[in-house]
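Trainee: Protein chains in written order, with our numbering: chain F, 486 to 967; chain U, 486 to 967; chain E, 486 to 967; chain R, 486 to 967.
Keep in mind that the hints are not guaranteed to be accurate.
Heads up, the list lumps identical chains together, so a pair's fine if it works in one copy or across two of them.
Think about it this way: if two alpha-carbon atoms lie no more than 27 Å apart in a straight line, the pair counts; the simulated DSSO-like pairs of lysine-lysine are [what the hints assert, rightly or not]:
| id | residue 1 | residue 2 |
| --- | --- | --- |
| 1 | Lys-513 | Lys-495 |
| 2 | Lys-949 | Lys-522 |
| 3 | Lys-495 | Lys-522 |
| 4 | Lys-949 | Lys-850 |
| 5 | Lys-949 | Lys-534 |
| 6 | Lys-900 | Lys-522 |
| 7 | Lys-534 | Lys-522 |
| 8 | Lys-534 | Lys-820 |
For the record, the hints were derived by calculation from the structure and aren't laboratory data.
There are 4 protein chains.
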Amino acid sequence: MNNQFDLIIKNARCATAADIFSADIGIKDGTIKALGKDLGSCDDEIDAKGAWVTPGGIDGHCHFAEPSKNGVKMADDFTSGSRSAACGGTTTVIPFAVQQRGQTLKDAVADYHRKANKQSYIDYAFHIIITDVNEQVLQELPDLINEGYTSFKIYMTYDDMKLSDSDIIKTLAVAREHGALIMVHAESSDCITWLTERLLSAGHTAPKYHAESRPMLVEREATHRAITFAELVDVPILIVHVSGREAIEQIRWAQNKGLKIYAETCPQYLFLSTDDLGGEDDYEATKCICSPPPRDPDNQRIVWEGLQSDNFSIFSSDHAPFSYADPNGKQAEGKKPSFNKVANGIPGVETRLPLLFSHGVMSNKLNIEQFVQITSTNVAKMYGLYPQKGSIAIGADADLVIWDDQNSQKITNDKLHHAVDYTPYEGINVDAWPAITINRGKIIWQDNQFHGTVGNGHFLPCQKPTPARPKVHSSPFKREAE
Amino acid sequence: MNNQFDLIIKNARCATAADIFSADIGIKDGTIKALGKDLGSCDDEIDAKGAWVTPGGIDGHCHFAEPSKNGVKMADDFTSGSRSAACGGTTTVIPFAVQQRGQTLKDAVADYHRKANKQSYIDYAFHIIITDVNEQVLQELPDLINEGYTSFKIYMTYDDMKLSDSDIIKTLAVAREHGALIMVHAESSDCITWLTERLLSAGHTAPKYHAESRPMLVEREATHRAITFAELVDVPILIVHVSGREAIEQIRWAQNKGLKIYAETCPQYLFLSTDDLGGEDDYEATKCICSPPPRDPDNQRIVWEGLQSDNFSIFSSDHAPFSYADPNGKQAEGKKPSFNKVANGIPGVETRLPLLFSHGVMSNKLNIEQFVQITSTNVAKMYGLYPQKGSIAIGADADLVIWDDQNSQKITNDKLHHAVDYTPYEGINVDAWPAITINRGKIIWQDNQFHGTVGNGHFLPCQKPTPARPKVHSSPFKREAE
Amino acid sequence: MNNQFDLIIKNARCATAADIFSADIGIKDGTIKALGKDLGSCDDEIDAKGAWVTPGGIDGHCHFAEPSKNGVKMADDFTSGSRSAACGGTTTVIPFAVQQRGQTLKDAVADYHRKANKQSYIDYAFHIIITDVNEQVLQELPDLINEGYTSFKIYMTYDDMKLSDSDIIKTLAVAREHGALIMVHAESSDCITWLTERLLSAGHTAPKYHAESRPMLVEREATHRAITFAELVDVPILIVHVSGREAIEQIRWAQNKGLKIYAETCPQYLFLSTDDLGGEDDYEATKCICSPPPRDPDNQRIVWEGLQSDNFSIFSSDHAPFSYADPNGKQAEGKKPSFNKVANGIPGVETRLPLLFSHGVMSNKLNIEQFVQITSTNVAKMYGLYPQKGSIAIGADADLVIWDDQNSQKITNDKLHHAVDYTPYEGINVDAWPAITINRGKIIWQDNQFHGTVGNGHFLPCQKPTPARPKVHSSPFKREAE
Amino acid sequence: MNNQFDLIIKNARCATAADIFSADIGIKDGTIKALGKDLGSCDDEIDAKGAWVTPGGIDGHCHFAEPSKNGVKMADDFTSGSRSAACGGTTTVIPFAVQQRGQTLKDAVADYHRKANKQSYIDYAFHIIITDVNEQVLQELPDLINEGYTSFKIYMTYDDMKLSDSDIIKTLAVAREHGALIMVHAESSDCITWLTERLLSAGHTAPKYHAESRPMLVEREATHRAITFAELVDVPILIVHVSGREAIEQIRWAQNKGLKIYAETCPQYLFLSTDDLGGEDDYEATKCICSPPPRDPDNQRIVWEGLQSDNFSIFSSDHAPFSYADPNGKQAEGKKPSFNKVANGIPGVETRLPLLFSHGVMSNKLNIEQFVQITSTNVAKMYGLYPQKGSIAIGADADLVIWDDQNSQKITNDKLHHAVDYTPYEGINVDAWPAITINRGKIIWQDNQFHGTVGNGHFLPCQKPTPARPKVHSSPFKREAE
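Produce the entire structure from the sequences given, and follow the hints as far as they go.
Mentor: Set out below in C-alpha cells:
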C-alpha cells in the first residue's frame, strides 16, 4: 500500500488515438501519473478487468443556454447540458459564447462566464460566435485569443447570424495573424431563402420541406466559398457539421491541393436521414429538423467513408436543445408550424459516444484508435486543450471512460439526462455505454448512475490550436558554438 | 533504489503516433514496464534531459543478401545491413525472402533464415517476394501466413520478377482469403521495354535516360491496374515506393472511393531528383539509379504534401545496396554502362530517419506524431508486428531512439555503416541524429558509436496485418442471458 | 425543264452537323451539285414537303461474314447486312476485315474483298482487325494505309483476338508514323477470365452472369491502359463501344488533359440494360449478350449525357449477327448454354438510326445537328471518307435520308431485313423511320419497300483519318516575295 | 447571263461549323440563294480562286458608347466601333444596353437605340446589362424578351454593377421562365476588394498589381457560385471571358454533371499574359488592364486546349475602348494612376478574327470548322440570330469573309479603324486578314479599304437562344388517325 496514487485503474485495455495497450493507470491529484504493468495498490482502486478504457470525450460543438430567439429558450443550461454530456462519457464540453449584434465580444464572453460559473459538472471551454464584425470587434480578438478564447465560429446563413463575405475575409485575416481557428457553418444563405419562399408559396410547410430548402448544393457552394476565402488569406479553417458527398468532395479537393481545410461531422449525418423528416403531414418530424438537414442513405455511407478515410478531424454532437412541447420550440404538439419557423437543432450531447462506439467501433467500421482520435484527441488539439485533455498519457488530466460493450439497449429519452423532452435517436439500438466515467480523477458516472457535483467543472482557457504543423520544442542538445 | 526496472530513461519527451508527453520510461526484461512522472531510480539510468524519444524505427522495405543477379552481389548482408540500420535509429528491419523462379516459397524462406540466423544486430521479420505463381505456390501460402510470413511483394515489371495480370489476381485472391497483405511494385513493364528500346536504339545510354525510360505515366498506369485488381478481389494492397503526382492521384481517387489502398514512399522521392541522374555524359549518376526514378521538384513537393495529408501509410528506405566499384554493380568507374544494365537500387537504411526528422519534423513539414506513425507505428501495424513493436507503450519492446536535434552535419559515406561504397545522399545536411538507440532495452548506439552485438536480433513472426478495421477484443462484460 | 440535274429533292429541311436550312437539293451523276431556294425542275423530282433530310447514315462498326468461330456462322453476309443497313437509313458501312492468326493482313483484306465484291447494296469500306502482330505484319501496314485501309481495330480481350500490351504499343507506334487510326476494344482480359471461372465454378451459367463477369471496372481499367499507351506513343485512338460511367470518366479525364482520345457508343448502352440479361433461369436472354454488356439505368443516363456533351464522336451499331436458332450461335432454344459459350454480339445495323432519331432528336435529348454529327459526319471524318461522305454539301455523294417522323411503330423482327432471327430491340417503340433513302442519287428505300440493287455498292478506299487538326490547304494568295 | 443572282462568289472554299466544300455562292436580295458547282454568271461576280470563305464574324461581347463613368468616355461609339468590327471581318455586333441604376430596362434599351440608330455600318443586336434588380425590372423582362432582347448580362463584381446573390437567383428564375440567356461576369467581389486594399496600403499601385488583385481563385469561386445558382434554378448560363485553368475546371466539372453551363473566352487570354502588365514601374502597361486579367503561359495553353476540346462555345473580343491619352481613361501618359483607378478594358473588335485565324487555324491548333463555330455559328445560335446569321447556308444573310491567308503583317494601331489610340496587340504578327468582307450581299471591305455605308447596319431582334436542345419542327407526315 502506498500513497503514490489517489486511484489506480487496474487491468485497463487502453486506447489512444494511435495505440492499444494493457496497463494499470495511476492517478494522483486528478492527473495521470503513471501507466504500468503493475502499479501496486492504493486506497482507491477500480478493476477494469480488461475492458476498453478511452480518454473522456470532448464535445467540440454544443449549444447551452444561448439567448432566447423568437421566444424559444434553449432547454439545456450549463447544469443540465454538462450533466447529460457526463452521462454519455463526455468529460469536457466546448459550448459557444454568442455575440449579440451590437455587443462586444468581451461582454459576450462575460455573459457566458456568468451562465457557466459554478454551474458545470464537467470541464468546459468556450468558442465565440461572431455575428457582428466591425473595427472594434476585430481589435478585441487578439486580447481574447491571449486570454484563452482561440476558436471562433461564423455563419454563412441565418439572417441574424450570418457574416458578409467581406466580414468573413477580415475575420480570417485576424485569425491568421493571431493564430486562432475559425469554424464555419457553410450553407448558402440566398439559395436557402429563395427555395424557402418558393416552397412556402406553394403551400409546402411540413418538416420534410426543410430538407428541400437546403439541398446538398447549398452546402457545397458555401463550402467552396469558405475554402476559397481560407486559400485567399492562407489560414486553416474548420468546416463544421458536414452532411454528405458534395461538401466532402470540395473538402477532399482542397485537402489534396495542400490547403489546411479541416472538417467535422455529427451523429445526425450517420444515424438520421430524410426519412426522419417524415411525410407530407408528419409534423412530429420537427424533432429532427437541424441544419444542414439529414440526407439520404447514400450520403450516410459517404460520411462513414469520410470517417474511415480520416477526412473528418472531429466528430461532435452539435447539441442544440429545444423542447418539442415548447410552443416556441419544436412546438408541434397539435400544431403545424412551417418548417422555417421551427427551432432549428437537435439534442445529442449524451448519445454521441455510445452511438459511434457501437455502430463504428463494434461494427468494425472504425478502429478504436480512430474513435479516440475524432471524439477526443483531435478535438483537444484543434482547440488548444492538448495535452491537458485528449489522451491517456502521463501528465494529462485523468478524464477516462471505462466502456461496457455488452450493454445493448434501445435509446429512449427517459434514460437521458438532458432537459429536452425528446431525442431524435429514440429507438436506435446501442451495444455499449460507459460503465464508469472519470473527470480529473473523480467518478462522475458509475452503474448507470450520475455521481457528478455541480460546479466541479473547471473553465479551461485554450491555447492556440495546432491544426497544422507544431513548432519543435527547444532542445537539450545545445551546442556551444550556437 | 529498486529492482523493478533494469533501466530507466528519465525526463523523456516521448512522442507516439498520436501523443506527446514527458515521462520516465521504466524498462524491464527488454520491454516497457512503466511510464510515469517519477519512476524512482534503478542501477541503470539515462537522463534524456527533455530530448525527444521516439519508438525505434522499423524499416519495412530493405533488401539484404539477395541472390546474385547478372553477376552483381548485394553489398549488404544481414550483418552489415542491420548494423547500418541500427546506427540510423532503426531497431527492426523487414527485408525480403526472394523466391527464385522454380523454387518453393518455403525453400526461399529457409534460405533467408540461413542467411539471417545469428547474423543480425537488430530484430527482423521477412516479407516474401513471389516471382513464380503456380498451384503449388498458392497452396503454400496459407501455411506460411500461419507461420508468420504475412506480407508478400509482387512486381509488375522486371522480366525475371514480374507476374502476369492473371497471377497477380490469383495471388490477391489467396491473400484475401487468408488475411495477408500484398505489396505491389507498380510500373508498367511493356511501356518501359518499348521506351528503353527506343532510347538505346537512339544511342541514349546515360543514367539520365533511366528516368526517361520510366516516366510518371508508367507508374500511373500500373497503379491504376493494381488498384483495379484489388477492387476486383476486394482486398487491401500496399503500393510501394510511390514517386509523384500521377500515382498519388490514382491512390487518392481509390481511397476516396472507399477502397483499401495503402501507399509507401521513400527518401529518394523527397531528397533526390532527376538532376541527380546527371547530364548527357555523367555516368557517376548511376549511383542514383533506382526504380521508380527520382522525379522533378514539383513531384517532390507533391510527395511531401502526400505525407502531410496522410496519403502515405509508410515511409521506408527501399535500401538496395550495390557498390559503385563493383564491376557488375553500379560499375561506372571509368566505364559507361547503359542505364538498363546498371544494378538498380540505392542504399538508404541508415539515413532514412535522420533525413525525415531533420527535413520533416524540424522543418515543420510534418509533426513528430506523423513521423512516428509512418516510420514505426504504421509499419508495425501493417505488417503484423504491433503492439510488440511500433510504440512507446506499456508492454511493447523497449525499442527507443533518443534524438539529438542539435547534431547538424553533412551526410558523408565515411560516417555510414553499410558495406556500400557510396551514399546517394552525400553532402545533404541533417540537423538531427540519434543520440542513443535502444533495442529490447539494450543500448546499441551511443555517442556516435555502435554498441550492437551480432546475433542479438530476434526473428519476429508476423501476425496478420491490420490495415483495415480490427476486430474488437472479447469483453469482460459478458451478460448471463447471452 | 432542264437537264442540269438528274434528280431534285424539293422543299427539304436539311440538317448537317452544324446547320439547319430549307432548300432544294439538285443531284447530278450521284453527287450533290446544287442547293438552292428554287432550283427549277427536272425529270425526276421528290417533294420532301419540309420533312427533315439528313446525310445518309454511316455505320462505322459492324461485322459481316466474319469467319466461323466455334462452329457459329455469322448470320449476315455483305448482301443481307448491307440490305438491312439500307433499310434503316444507312448508306455506307465499314465492316471489318479480320486477320486470322498466322495470316497476312493483305490476305485478310483480299478475303474480304472476295466476300464483298458485287455483294453489297450500299457503299462500303474496311477496317482491319489485327490479331497477330509481328514484324511482317507491322511492315504491311504502311502499304495498306496508302491503299485505303486506314483504321485498325485491336482487342484487349478474347483469347483468339487480344494483343499483348507490347504488341498494342508497337501497333500504335506504326499508326502514329503513318497516320492511321487505332480502334480499341477495351476490356481487361485477365479480370474477365478470373471472374468467369469463379462464376462457373459456383454454377452460375445464366446469361445474367455474362454482365457479372465483365463489370464496369473491367472496362475502366482497360480504358485507362489504352489511354496510357496512346499518351506514351502520342497518337490518337478511338475507344469503341463505351458502356458507362467509369469508362467515360477515364475518357473525359484524358480529353481534359489534352490527349486525343475519341470514343464511340452504341444503341445497346442506351436501350438495353442488365434487366434484358434476364433472371436466374432466363436463357432467352442470350439474345442480349454482347460485350461490354448492357449496364444499369444510371449508366444509360450517363451515356446519354456523354452524347449531349459531345464526349462521344461516333454512334455505331456494333452489329454482330448470330442467330438464336443456330445451335452454335445464341443456341438457347431448349438448351442452357453457359454465358461464356454463347456467341457474343447482337444485331442492330438497321435499328440504329430510327432509335436515335426517335429517342434522341424527337425526345429533345439531342439536337438534330448532333444526330448528324455522330451518325454520319464524324464517322466520315474519323475514317477518311469525308467530304465524299458525311454531309449535305456541294460535291458530296448524294446519300440522303428523308425522315418520316410520324411513323410510330414498335420494332419487331419481322419488319427487319437482316438474316438474324431476332432483334434485341423487339417491342421498343420508335416514332420515326426513313421515308426515302438515297445512295449516290438512287432511291434504295421508299414507302417501306427496299429498292436496292445488289452490287451497286462501291468499295471506298479511305483517306487518312482527320480526328485531330487538319492541315490548311494551299492558298491562292501566293505572294511573290515568298 | 441571268438575273437570278445579284452577286456570285465563284470558286469559294467554304467552311461552315461542320463542313468544308467548294462551291459558287449565289446571292440575291442580300441572302444566300444558292450554292452549287456552277451557278452560271451574273452582273456582279467575285472569283475567290479557292480561298477560304467563312460566315461573317459575330462579336457577341463588345462595348460601344456606354455612359461616362468616373469621367471617362468610351472611345468608340456605334459608328467607329462598327467600322472597326467590319474591317476585321465581323458583320454583326452585339453590344450592351446598360441599365443605369434607377433606370428601367426599357429606358436603357431606348437610350441605346438612339445611340445606334442610323449609326452602324453593320448589323447589330443588343444584350442588356442589368445592374438594378427590383420587382419592376423583373416584370419588364418578359416583354423585352418578346421584343427581341433575349440575353442579359450580370456582374458579380464592380460596386456600381454587381448584383447580390439573391438578385442573381431571381434574375435566373425569370430567365428560366421566359427562355432568356444570362451572361455572367464571374469574379468574387469581396475577395478583390480585400486584396486591392492590402496592395494599395502596401504602396503597390502599378498595373501589374491589377493581376495580383484578381488571382485565379477569385474567378474560380465566382464561377462555382454562378454554376450553383444555375443548377439551383435549372437554367442555362454563359460564363463570359474565362481566363484560365481553375475556372475551366469548374466549367468542365459542371458540364460533366450534365449542367447546361456554357463558356466564352477572348483573345486577351490567348495573346496577352501577366508579362504585358509590366514591371514595378511600367505604367504604360495600363493598356493591358482588363478583367479578368491576362494570366501566365500555362493558363494560355489551358485556354487553347479548352478551345480545342470545345469547352468554349463562343470566342468574343470583350472590346472595351478607352484611350491611353484620355486623362480619365488609361490616363498613364506621364502619370502613375493606381491600378484600381484605371479604366478597365481593352479594345479588340477588329483583331479578334485575324488573330484566331492566324494562330488557331493556320497554326493547326483549331480546325477551320471550329473557328467558324466559335466566332459565328454558335454566337448566332446562343443569342437567337440563327439561321439568319452564322452560316453559309441557303436562306441565310449573305455575310461572308473571303480570307487572304498570305497576308503576313504585324498588327499596329495605325492600321486599325477604331477610335482608340492604341491596341494591346501592337506588334503581334498575323498571317491572314480578310481580303473581302460582305454584309447582306454588299462589299464593306476590299483591298484593305473600308467600303461601308453608315446606317446600313440593321437592328436585329433576337429570337430565344437555343443553347440546349431545340424543339423539332412540325412534320409533313401527319397521320390521319392522329
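Trainee: Each hint: holds or not?
Mentor: These are the hints, each one checked on the structure:
1. Lys-513 / Lys-495: both (14 Å within a copy, 19 Å between copies)
2. Lys-949 / Lys-522: between (35 Å within a copy, 25 Å between copies)
3. Lys-495 / Lys-522: both (9 Å within a copy, 18 Å between copies)
4. Lys-949 / Lys-850: between (32 Å within a copy, 18 Å between copies)
5. Lys-949 / Lys-534: This pair counts as between: shortest inter-copy Cα distance 26 Å, intra-copy 38 Å.
6. Lys-900 / Lys-522: Result: close neither inside a copy nor across copies, 37 Å intra and 40 Å inter.
7. Lys-534 / Lys-522: both (13 Å within a copy, 25 Å between copies)
8. Lys-534 / Lys-820: Close neither inside one copy (52 Å) nor across copies (64 Å); limit 27 Å.
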